[in-house]
Amino acid sequence: MNWEFMAEYLPLYQKAAWLTLRIGAAGVAGAFVVGLICAVIQYEKILILRRIAAVYIELSRNTPLLVQLFFLYYGLPKIGISTDAAACGVAGLTFLGGSYMAEALRSGFEAVSRVQTESALSLGMDKRQTMQYVVLPQAFSTSVPAIMANVIFLLKETSVFSAISIMDLMFTAKDLIGLYYKTTESLFLLVVFYLFILLPVSLLGSLLERRLRYAGFGA
Amino acid sequence: MPDLGLEVLLKGKNLARLFTGLGVALKISLASVLISLPLGILLGVLMTWKHPLIRAVLRIYLELIRIMPQMVLLFLVFFGTTRVFGWDLSGESASVIVFSLWGTAEMSDLVRGALISIPAHQYESSAALGLGKVQTYLYIIVPQTLRRLIPLSINLITRMIKTTSLILMIGVVEVLKVAQQIIEANRMSSPNAAFGIYLVVFFLYFIACWPVSLAAGYLERKWR
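Chains Z and P, in that order, give the protein sequences. Quick note, the numbering used here runs 33 ahead of the 1-based positions in the first sequence. Quick note, the numbering used here runs 51 ahead of the 1-based positions in the second sequence.
Calculated directly from the structure, the hints in this document are not laboratory data. Careful: at least some of the hints might be erroneous.
As the list claims (entries may be wrong) - With a Cα cut of at most 25 Å, we get these calculated DMTMM-like pairs of lysine to aspartate or glutamate:
| no. | chain 1 | residue 1 | chain 2 | residue 2 |
| --- | --- | --- | --- | --- |
| 1 | Z | Lys207 | P | Asp139 |
| 2 | Z | Lys160 | Z | Glu77 |
| 3 | P | Lys273 | Z | Glu41 |
| 4 | Z | Lys207 | P | Asp160 |
| 5 | P | Lys101 | P | Glu114 |
| 6 | P | Lys78 | P | Glu143 |
| 7 | Z | Lys207 | P | Glu235 |
| 8 | P | Lys228 | Z | Glu77 |
| 9 | Z | Lys215 | P | Asp160 |
| 10 | Z | Lys78 | P | Glu271 |
| 11 | Z | Lys207 | Z | Glu91 |
| 12 | Z | Lys215 | P | Glu271 |
| 13 | P | Lys64 | P | Glu271 |
| 14 | P | Lys273 | Z | Asp117 |
| 15 | P | Lys78 | Z | Glu77 |
| 16 | P | Lys228 | Z | Glu136 |
| 17 | P | Lys273 | Z | Glu151 |
| 18 | P | Lys184 | P | Asp160 |
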């Protein structure tokens, strides 16, 4: 182990880690919004949109992120839709994560018993109010463990961004291996930085899971 | 309508080459699944045992493998072993090793989850009936566990297939690499090939994974 080498290139890894985190956070946020929209569409059984959401979920769940990214980054510019790499990364993560978030939330929605919505409607709430004040909070707290698992999954998936030349942790490590042949050091730093990002999220997940276990009604 | 570069597919053996590439990815995932299933079942059963040392070791293995992105694992095995042990692994064997390690971890967690979902009185009743440990597992626990386990392990197969797309990054010539080669070779004659070819690769993966997902979903509903 060459510690001086590692100290010298630490700032490079820090920058890459920030980039990974920024794109990851934007992608997770996008995925959550898309997932929420799909889950509500499927829960409310909105006619045509429901079909579209189902097709999207199947397409997104059964293809790898790397292939989605290649299509977004190399394919789309050929028909005149040109985007920069970071935007592609966020879009790809949103496309992939949306379906996973939708599935997580859908199982949460299904766990809310019919009595809840019926009571809310009989109390004079309209459909939107029922959704906002009764169904959504309960569904959300039930799906927190699945959502956190998806967040970790999506953050891990950011490692394929290096393939579309986003300078993330993976890209940095690969670059240093190629330039200086310091394989052990580069890989060691790579593992340390991924642990640095992923361990807190994983711990937060298990903490939230314990805190929210009794949040649902009647649990 | 701009030229989408789909005609490149029909040139020469391009379509057949893409399928061969997909075949490489599928072969690697199949080999990894075949290794992961028995090992995962074994480790999953071991995880439910009360022995503190076994539990701690398996727990660490599981958490370490699951928290690292698969791409990092691939790099560790492909580049790391060369440096540290002087092994000269081919890309294919490195990927089979990584996906087996990862698949075993995932599978063992599924097995563990399915096993602990069986209520304790099932174990106690069979012990009260005088069944031995082997008999308890064979006749009481395993049949109940399988119903839960089979749909989840089929899902693991689709995840394995999707993850094999990463092996492009350690130089294995699979479907994405073939796609790149085709696009490069036809750069002059059809500059827009990237759109059509990558779209086709997208659907190739979809066609490979979708039936498997459907089967898993069907069994999950049927055996609920």
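Hints, verified against the model:
no.: 1; hint: Z/Lys207 <-> P/Asp139; in the structure: holds, 18 Å
no.: 2; hint: Z/Lys160 <-> Z/Glu77; in the structure: holds, 10 Å
no.: 3; hint: P/Lys273 <-> Z/Glu41; in the structure: violated, 58 Å
no.: 4; hint: Z/Lys207 <-> P/Asp160; in the structure: violated, 31 Å
no.: 5; hint: P/Lys101 <-> P/Glu114; in the structure: holds, 18 Å
no.: 6; hint: P/Lys78 <-> P/Glu143; in the structure: holds, 10 Å
no.: 7; hint: Z/Lys207 <-> P/Glu235; in the structure: holds, 23 Å
no.: 8; hint: P/Lys228 <-> Z/Glu77; in the structure: violated, 43 Å
no.: 9; hint: Z/Lys215 <-> P/Asp160; in the structure: violated, 35 Å
no.: 10; hint: Z/Lys78 <-> P/Glu271; in the structure: holds, 22 Å
no.: 11; hint: Z/Lys207 <-> Z/Glu91; in the structure: violated, 33 Å
no.: 12; hint: Z/Lys215 <-> P/Glu271; in the structure: violated, 48 Å
no.: 13; hint: P/Lys64 <-> P/Glu271; in the structure: violated, 40 Å
no.: 14; hint: P/Lys273 <-> Z/Asp117; in the structure: violated, 45 Å
no.: 15; hint: P/Lys78 <-> Z/Glu77; in the structure: violated, 42 Å
no.: 16; hint: P/Lys228 <-> Z/Glu136; in the structure: violated, 31 Å
no.: 17; hint: P/Lys273 <-> Z/Glu151; in the structure: violated, 29 Å
no.: 18; hint: P/Lys184 <-> P/Asp160; in the structure: holds, 21 Å
Of the numbered hints stated above, those contradicted by the structure are hints 3, 4, 8, 9, 11, 12, 13, 14, 15, 16, 17, listed in ascending order.
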